[in-house]
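Letter by letter, the chains look like this.
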Amino acid sequence: MAQTMQFDLVSPERALASLQASAVQIPGAEGDMTAMPQHAPTITTLRPGVLKVESPEGNSEYLVTGGFAEIAGDSLSVLAERAIPMTEMTRDQMNELIEEAREMYKTAKEEDQPHGLVEDAAKLLADMEALGTHMSL
Amino acid sequence: MPSLKDLKNRIESVKSTRKITKAMQMVAAAKLRRAQEAAEDSRPYTKRFNAVMAGLAASVGGSDSAPKLLRGTGSDQVHLLVVMTAERGLCGGFNSNIAKLARQKAAGLKAAGKTVKILTVGKKGRDALKRDLGSDFVGHVDLSDVKRVGYANAQAIAKDILTRFDAGEFDVATIFYSEFVNVVTQIPTAQQIIPASYEGGEAQDGASAVYDYEPGEERILADLLPRGVATQIFSGLLENGASEQGARMSAMDNATRNAGDMIDKLTIEFNRSRQAVITNELIEIISGAEAL
Numbered sequence: 001m002a003q004t005m006q007f008d009l010v011s012p013e014r015a016l017a018s019l020q021a022s023a024v025q026i027p028g029a030e031g032d033m034t035a036m037p038q039h040a041p042t043i044t045t046l047r048p049g050v051l052k053v054e055s056p057e058g059n060s061e062y063l064v065t066g067g068f069a070e071i072a073g074d075s076l077s078v079l080a081e082r083a084i085p086m087t088e089m090t091r092d093q094m095n096e097l098i099e100e101a102r103e104m105y106k107t108a109k110e111e112d113q114p115h116g117l118v119e120d121a122a123k124l125l126a127d128m129e130a131l132g133t134h135m136s137l
Numbered sequence: 001m002p003s004l005k006d007l008k009n010r011i012e013s014v015k016s017t018r019k020i021t022k023a024m025q026m027v028a029a030a031k032l033r034r035a036q037e038a039a040e041d042s043r044p045y046t047k048r049f050n051a052v053m054a055g056l057a058a059s060v061g062g063s064d065s066a067p068k069l070l071r072g073t074g075s076d077q078v079h080l081l082v083v084m085t086a087e088r089g090l091c092g093g094f095n096s097n098i099a100k101l102a103r104q105k106a107a108g109l110k111a112a113g114k115t116v117k118i119l120t121v122g123k124k125g126r127d128a129l130k131r132d133l134g135s136d137f138v139g140h141v142d143l144s145d146v147k148r149v150g151y152a153n154a155q156a157i158a159k160d161i162l163t164r165f166d167a168g169e170f171d172v173a174t175i176f177y178s179e180f181v182n183v184v185t186q187i188p189t190a191q192q193i194i195p196a197s198y199e200g201g202e203a204q205d206g207a208s209a210v211y212d213y214e215p216g217e218e219r220i221l222a223d224l225l226p227r228g229v230a231t232q233i234f235s236g237l238l239e240n241g242a243s244e245q246g247a248r249m250s251a252m253d254n255a256t257r258n259a260g261d262m263i264d265k266l267t268i269e270f271n272r273s274r275q276a277v278i279t280n281e282l283i284e285i286i287s288g289a290e291a292l
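Chains as they are written, first to last, in my numbering: chain A, 1 to 137; chain B, 1 to 292.
Keep in mind that a hint or two might mislead.
A short, non-exhaustive set of chain B residues, derived as facing chain A with CB atoms under 7 angstroms [unchecked claim]:
1. 6
2. 7
3. 48
4. 212
The set of hints was computed from the structure by calculation and includes no laboratory data.
Idealized CB from N, CA, C, for every residue including glycine.
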């Protein structure tokens, strides 16, 4: 199948990738999903995880923390708050992210914030830790 | 009439001033390029984000269950003005233009009987507004240690604002920054961020496609709205960064040119008085010789 779609990965600080992809696995908030060309138009939020891009030129992986993805048939844009190419990722950076999440969880718990922020932070922390083990750096 | 020595000293001092302003101009030019790149790199994100938000806001906006960040608190009594300026001066009218716009807005709101609260980002804006609006200050964000403004800085500011919003401290928030057009033109801009208005993007193709939302529309919206605040602040900060360097560059360019003009003028004056001294001496010698 030679069908491809336009894939864009942008973070607030820079555009990371813009290429033709045949399939992209997205770490959606409610579970992973893979978007292929002609996917139904969907908008989903992201949880921290790994974004896997398959393209005719080769595969690439990015680590993303929060954000959202917009799937529109023949194009897919991922707007991540932070996105780091897997090849540039180091154990130290991962630890930093986990530490950040842990810190957030701690302050959220102490301040007893509303809107289920505490649960969100806890989930974020769990996601981050799972990601760390998954990467097994 | 200043003596020759005085003139010489003044010329030297203006020369060293010119060296400094010239150096500042070149530094600003280099920084401007980087700031401009940063502002341009962030544009795709902001544009897409706003397009998606416009679609979402249009479909959920009308209902009563819409999040407060979008719908507002139902009143507009208390206004929060977030005034974003530079940490340093010597950049022409950059800081004072933003401060002026904020001051006008504050005066207008007060005349309409509203309460005004001010959050300053950047030292210079705080200094400029301290005298007449100092009593309305509710907070200050210091970015003087930040070398390169990152999204994390914007997130921190957004978090501060959102915490205040959740605590019911204000109803409407507006950010003030300077939009970068080019090196000589920066437009001080006021933009309302809470309640969010995402009307601009509706005409785009985003509205034509019907999206599935996962999780539900309202959950997504509740998740994205706080990010929207951060995104807008971030783009404001970047525009500000580019504007500041642009303003500084042209201000320093002017200063360098003025210093050059001044050196020319002083040099002419110096040469004339030197000539006058020589002529004087000659006259004295000649008249002395004649008297013999």
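How the hints compare with the structure:
1. 6: violated (54 angstroms)
2. 7: Violated, because the Cβ-Cβ distance from residue 7 of chain B to chain A comes to roughly 53 angstroms (cut-off 7 angstroms).
3. 48: Since the shortest Cβ distance to chain A is 6 angstroms, the answer is holds.
4. 212: holds (4 angstroms)
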